Amino acid sequence: MSIDVTVTIGGEAGQGIQTVGDIIARVCHKAGLYLLAINDFESRIRGGHSFLQIRISDQPVLAPHHKIDLLIALNAETCVRHKKEMAENGLVLLDVENDAEKDDSKENLPEEAREKNVLPIAFSQMAKDAGGKIMTNTVAAGACLALLGAPFSAFEHILKTTFAEKEKILRNNMIAGRSGFDAVKNTAFAKAFDWPSHGSAKGKLLSGSQALAFGALAADCRLAAFYPMSPATGIMIHLAEFMDQLPVLVEQTEDEISAVNMIIGASYAGVRALTATSGGGFSLMTEGLGLAGITETPVVIINSQRPGPATGLPTRTGQGDLLFVIHASQDEFPRFVFAPGSVNQAYDTMIRAFHLSEKYQVPAIILTDQYFNDSLQMTTREMEVPTEIVRFITTDADMSSPSEYKRFAVTASGISPRALPCKGRALVCVTANEHDEAGHMSETIADRNIMVEKRQAKIQGMTEEMKGPDRYHGESDVLVVGWGSSAGAVREAVDQLRSENFNIGALHFSDLWPFPRKKAQDALSGCKHFITVEQNASSQLGRLIRQQTGLSFYSAILKYDGRPFTPNWIAEHTKSVLEEIR
Amino acid sequence: MSIDVTVTIGGEAGQGIQTVGDIIARVCHKAGLYLLAINDFESRIRGGHSFLQIRISDQPVLAPHHKIDLLIALNAETCVRHKKEMAENGLVLLDVENDAEKDDSKENLPEEAREKNVLPIAFSQMAKDAGGKIMTNTVAAGACLALLGAPFSAFEHILKTTFAEKEKILRNNMIAGRSGFDAVKNTAFAKAFDWPSHGSAKGKLLSGSQALAFGALAADCRLAAFYPMSPATGIMIHLAEFMDQLPVLVEQTEDEISAVNMIIGASYAGVRALTATSGGGFSLMTEGLGLAGITETPVVIINSQRPGPATGLPTRTGQGDLLFVIHASQDEFPRFVFAPGSVNQAYDTMIRAFHLSEKYQVPAIILTDQYFNDSLQMTTREMEVPTEIVRFITTDADMSSPSEYKRFAVTASGISPRALPCKGRALVCVTANEHDEAGHMSETIADRNIMVEKRQAKIQGMTEEMKGPDRYHGESDVLVVGWGSSAGAVREAVDQLRSENFNIGALHFSDLWPFPRKKAQDALSGCKHFITVEQNASSQLGRLIRQQTGLSFYSAILKYDGRPFTPNWIAEHTKSVLEEIR
Amino acid sequence: MKDTTQYDNDYENKWCPGCGNFGILNAIKKSLADMEIAPEKILMVSGIGQAAKTPHFLHCNFFHGLHGRALPVATGAKLADHDLTILVNMGDGDCYGEGGNHLLAALRRNINLTLLVHNNMVYGLTKGQASPTSRHGFVTKAQPQGVAGQASNPLTLALSQGAGFVARGYCKEIEHLSQLIRAGISYPGFSLIDILQVCVSFNKENTYTFYKDRVYTLDKEEYKADDLHQALDLTMEWEDKIPIGIIYRKDTRSYTDELAPLQSGPLIKQTYDPKKIQKAISAV
Amino acid sequence: MKDTTQYDNDYENKWCPGCGNFGILNAIKKSLADMEIAPEKILMVSGIGQAAKTPHFLHCNFFHGLHGRALPVATGAKLADHDLTILVNMGDGDCYGEGGNHLLAALRRNINLTLLVHNNMVYGLTKGQASPTSRHGFVTKAQPQGVAGQASNPLTLALSQGAGFVARGYCKEIEHLSQLIRAGISYPGFSLIDILQVCVSFNKENTYTFYKDRVYTLDKEEYKADDLHQALDLTMEWEDKIPIGIIYRKDTRSYTDELAPLQSGPLIKQTYDPKKIQKAISAV
Ligand SMILES: Cc1ncc(C[n+]2csc(CCOP(=O)(O)OP(=O)(O)O)c2C)c(N)n1
Ligand SMILES: Cc1ncc(C[n+]2csc(CCOP(=O)(O)OP(=O)(O)O)c2C)c(N)n1
Ligand code: SF4
Ligand code: SF4
Ligand SMILES: [Mg+2]
Ligand SMILES: [Mg+2]
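Residue numbers (the working numbering), protein chains in the order written: chain A, 1 to 582; chain B, 583 to 1164; chain C, 1165 to 1448; chain D, 1449 to 1732.
No lab work stands behind these hints, which were simulated from the structure alone. As the structure is a computational prediction, the values presented were derived from the model and not from experiment. Be careful, since some hints might not be right.
[Said to hold, decoys possible] Across the chosen pairs, the derived CB separations fall in these ranges:
{"id": "1", "chain 1": "A", "residue 1": "V390", "chain 2": "C", "residue 2": "M1400", "range": "54 to 60 Å"}
{"id": "2", "chain 1": "A", "residue 1": "M399", "chain 2": "C", "residue 2": "E1369", "range": "45 to 51 Å"}
{"id": "3", "chain 1": "A", "residue 1": "S413", "chain 2": "B", "residue 2": "E667", "range": "30 to 36 Å"}
{"id": "4", "chain 1": "B", "residue 1": "E749", "chain 2": "C", "residue 2": "E1403", "range": "37 to 43 Å"}
The C-beta atom is built at its ideal place from N, Cα and C for all residues, glycine as well.
Next up, chain A with everything else stripped away, as it sits in the complex:
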């Protein structure tokens, strides 16, 4: 990578960090650069400290960086908070309330601004001069872009599309942006780079939440019922944006219990249906999950993980729910569990989840997390909408005798032909009790055994659908094994370690249940040791692998502080383990 710059914009919630970040991201994206942005915020609406961190490169970026090259500090506290993360030649632009001209009188500045690498700039003052304090963000974005070496025209272009509708506002923002841009004209920034001249966007820039929402649309999801819960709400908000153009209804429910039962009702009646929540809401859906299980109703449930237990850290990230979602609800029934590792994979996974859920008539669970949902990432491929949706639905026309239709007819695959209620003469009878083939409650030993075996029979087919772990230098002596959103960070960590001559590779699991045992065994069989990397305190994937294969991880690198992985963090911890092994 010849370009690899990390810009952080920090300040209080409500100060407009998002706007600054958004402008910078869009300018870079438009210019043909790659980028990834993470969002760090507290569970509050105003005040406190939050930041947005953008990593920019001329090569695909898979994870956030652990060092900051350029810090846009909208308040002094931001300097203090991020001091330790500053790169060696890093620069801080600090918004100070006094006039820009008086920069030399450093004694008047907050202590933080007197540090060597801090450039105090009166962003807000400049904004006021341009017509209003609200444009502080534009000033800051201008300064940042200037330091990165962007031509003003690129900045101008984005401002024009942003404020296209209101001429006066645009004019003022142009002035504000210009003053920020010019304010740093003479400042040297070590990481400034040659701006690509005729670049074009290298992919779509979107959040994990958006990718999931788009995937749902492409999968023909028609009802999305939900109860608001961070970090899942965004998915539903993004879906709701399409309610006026596509046949998709986003329905806010009274609670999560309602949400899961509602999508079961909708799916029973014939439309594809989704809900999204986080661990607390998923807990409340546990009983409903079993209802989908016994009634063999396809539904898709996204659990966007955040640290717990209970309310935990509502706006932070974690991977603590893997074993919970695999075993959730009383007794046993087949289900799918997926955990995509990139925006493309998330989009594809949504389509696959709806497809497989309907094919096998089982619930499908998708595990994401706050880091993934709230970060901006770039697609590496087109997000294609399937030309056709296979629905696996039976009608009277397919039956020799619709009046004898049995919703739970026994088949070798365990999958019974599925008709829809009120769509023909076939009656669709379904119960949460154990039942006979016709769907009536039954307590006989025979029916019970038949139904348990029928449901369990699906597991074979389902397992065959599961992908083994993605292998990256999979032939190496030591493998780092992760799942879900850490895919990118692990891969970059391996690159870093390999560049330091370690014989190391990685496995990434996106398909977790039914566990692809055979494929996992194959992928793990060649290595001398494997090390799990997870965001929980007990190595849930490691335990799952041992439960399913008998193979034990050598060590587990665990992080549970609620903040995303960086490649460097993984690499450093892996090195400690490698030293032990040696």
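Dock chains B, C and D with the ligands against the given chain A, drawing on the hints supplied.
Just chains B, C and D with the ligands now, with coordinates in the frame of chain A:
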């Protein structure tokens, strides 16, 4: 065993099967015999088919038998249903509506009554003659006891205590009982035995539900909040019987979510609190379980398992919730999971669960099942009430500075001194969010790591409290491994197999989480193979053992039809596996 | 009389002899027959309990879901296909206990479902614990000293939350009840029919005898059911006289008429248009 | 005026500047000071949301539980020790949305808790989705075409379920609100105080301006709050005039007075008597 008789009373729900069984059981119990009775009934109030099966012996009885020696059929269907289970010399007493005198005219009888081993007796007619059809049960009990060889005086004694209050009713019942007793005077019954003459009760006869309720009382449980759910309701009903004499409040709630939150509130305020439910209700409690986890509030939750998923088979038995309760709720926190195997162990486990839950300030879950809760079993030891309850509670007096009290103060063991709210100057601040030591919400990395590590730190001490599996001929080549309520059936199966010269033993797990890894490894290390025996379809204990130790079961003997194990069933299936091994 | 046998099936009934649910079952069949809704055109949704077993005893499509959760399931089905005719059967524990929050939400939504609550003022299937409608003092094994709280008044509750169709039926008045059900099905919004149902096994207070002297029918000519205050008063009558009939009815629009994506027809009937989706996604 | 600083703590407040919750917080402090309840003698219980953070900003004992579940926690604490003074803080989503079923149950129980609902008619902490009290048509990011259902009327609901103490406060009328809270704490049964709370960040409709012209105080001399019909009417006033004050109050007995095991004193204060237990068990 010189005596080993199984009596089954079958008929429609509402016909009074319980009463017959109750009388027989009490007469046998009083006479110093051992017995175990299981209850089999449908999820309805009247009609259908249900039965009560009593196994009687002069040696301790640990499980139901697979063959019926004496069947009291309150209707003809009962004969049909149980035909295959009749022992070779088994006898059926069938209640026929026509007069007892006309027994010889077999053609008038229902077809079932014309079978060789069926003795048609006009129980109901005799009852009517004695004063009312309602006494059919007394007649039947009389006949049954006479066949078993009981002296009429023993029967009389129980009738007297049963109907002590109403003289006329007693008189009529005596007549009814006598006529039943005399009706079989000349009937030979192969399994009749010499009735113990001056026996005295060999232990307490009680249901699993009662044992659990008594254990709760002995553990000083003060609040039991619940929402009705089979097979757990009985526990609460048995507790409610003491509301007028002991400081225990049984509170029916609006739903299970309320129940779990209510006991958390009560425990926070300082009393020991319990809830009991089955899998569906436990699902709804999942979020609350996490609340107990993060607030470190001791609570005890009984999950009485029944087959699922969802509503499943409400009045049947199963062991499908083990992995669910171990992993339930988002993210990670320590909890106890116990699964007692006998009424004595259930009683002790309640006391231990309350004690350990408070000692470690974590939730404790007790897994039982319908078979266990609804069967009558005998104690083998006194149920002693502890003379003292250690509460692990701190007061102002223990603190140097109560105003600086911190509910979540970090300690090496992970256990912080626990004060109660409004009991002194120390403020007790608690939140479902991640928090600092004082109990205030905190999102810092430092506090998060400290709290995760503090909670996880408890696991070590908790693990040390866990008992390893109970070993029965544990030095054998092959071990049969079970958990929970199957303890007795497995042990008898081993006896049977050993009497057939198989080199076999058993392990029984009652302490399941934190998993006693070391002790389990030790217990398993000597055997060549181990076979799990469970009432689920995936061998959850087997998977847990592999997850925790890397050791794999050779085979799993699984039953999921909702009916309890019999030793013979286990022995026969084990033999098939043993043949494979050989 | 229309032929109700078309709704019979040969699945064994599991209720106790004499149970009030039989009357309700008959009333349902009658109203469906009267309205000429074919068995395959009706969807019954229920929770868990004795009441919730009702759909099994009818020849129809049904979804017999979880205890307390029939309304969300029915709502989901209705949102998916608002052409469906959906009847919901719940017990009093089911609906006012475990499912209370969903009732509140259904009332807010005013979604076009007809809810029949078999109100026997007791938990039948679990063998006789108190329900939210059990009277203060009602003694059961779980409440040996009697219910300590006050009974819920579900009809007043519904009125307080803006319900547009509130009625009470009695399991013995089958013809009358069947008319209520007809009216409920025809009503464009959410209709609540609370039905006094006798449980012969576990409720020895609210028996046929209890109701015999108390229940009276609201006269359709005299009582217009359009005055909220009057309706509120009627719902509070209990001790001596218990009114049955439509207690309140107001004009309304169904929830599904208010939702943008449903204006081009039921969700299930709209077509999958990959090009349109691709365009919509690409435009972001 | 009594000293309210004893309830201050140095934990950083996390609400938005201008938020109506500050007024509520001050009113709570005032009422506690007026009633001379020492910080260590008060237990605050709350759910999850902006409203539910209230206890953190007070020097007191608190249990900040799960979203929607404050009432069961508070009930459990009260049953364990009915000498405790318990105040419950919930948001409108918290109490009338997720927690609706528990509100119904608390009303049935009539348990002696004082419930303060910070009703800002929006989900604050999750950034502005509609709540059960958001008006029909209220536009948010999750409801871009506006709320399709009708708003819940929580006070009418409470009255319909036999509530004995129903009041409405306004976050700007701190003195008045503090008197309501006092009255609620003194009331022996369950008291519901719904508080009009302005959310400056996400509710641009129900603003200080909106309330300024509408809110009026019920005159204690004139309005006796003892007539259910009149109270019901008052709870339905909204468009032009919004009454605040005690809307309804009737004499009552607390739930805890009804329960047999609590008659010898709070559960927590009764002694463990192993002999008695042994005897009781052995007698079975
Ligand atoms: C989550 C859950 N909790 C509890 C139960 C147990 N349960 C089954 S039916 C029932 C109550 C029945 O009472 P009601 O709803 O009034 O119906 P009824 O039987 O009286 O018609 C209960 C509590 C359950 N099935 N699921
Ligand atoms: C089970 C569960 N579902 C959802 C959430 C997410 N959540 C947190 S606060 C909140 C709603 C806040 O609205 P309200 O209760 O009105 O309180 P306010 O913030 O407006 O004071 C929600 C839905 C949660 N924490 N737990
Ligand atoms: S228990 Fe009651 S409600 Fe249930 S079937 Fe019997 S009589 Fe009917
Ligand atoms: S979001 Fe609204 S309710 Fe929450 S603190 Fe801000 S103004 Fe108050
Ligand atoms: Mg009922
Ligand atoms: Mg709110």
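Quick rundown of the hints versus the structure:
no.	hint	result
1	A:V390 <-> C:M1400: 54 to 60 Å	holds (56 Å)
2	A:M399 <-> C:E1369: 45 to 51 Å	holds (50 Å)
3	A:S413 <-> B:E667: 30 to 36 Å	holds (34 Å)
4	B:E749 <-> C:E1403: 37 to 43 Å	holds (39 Å)
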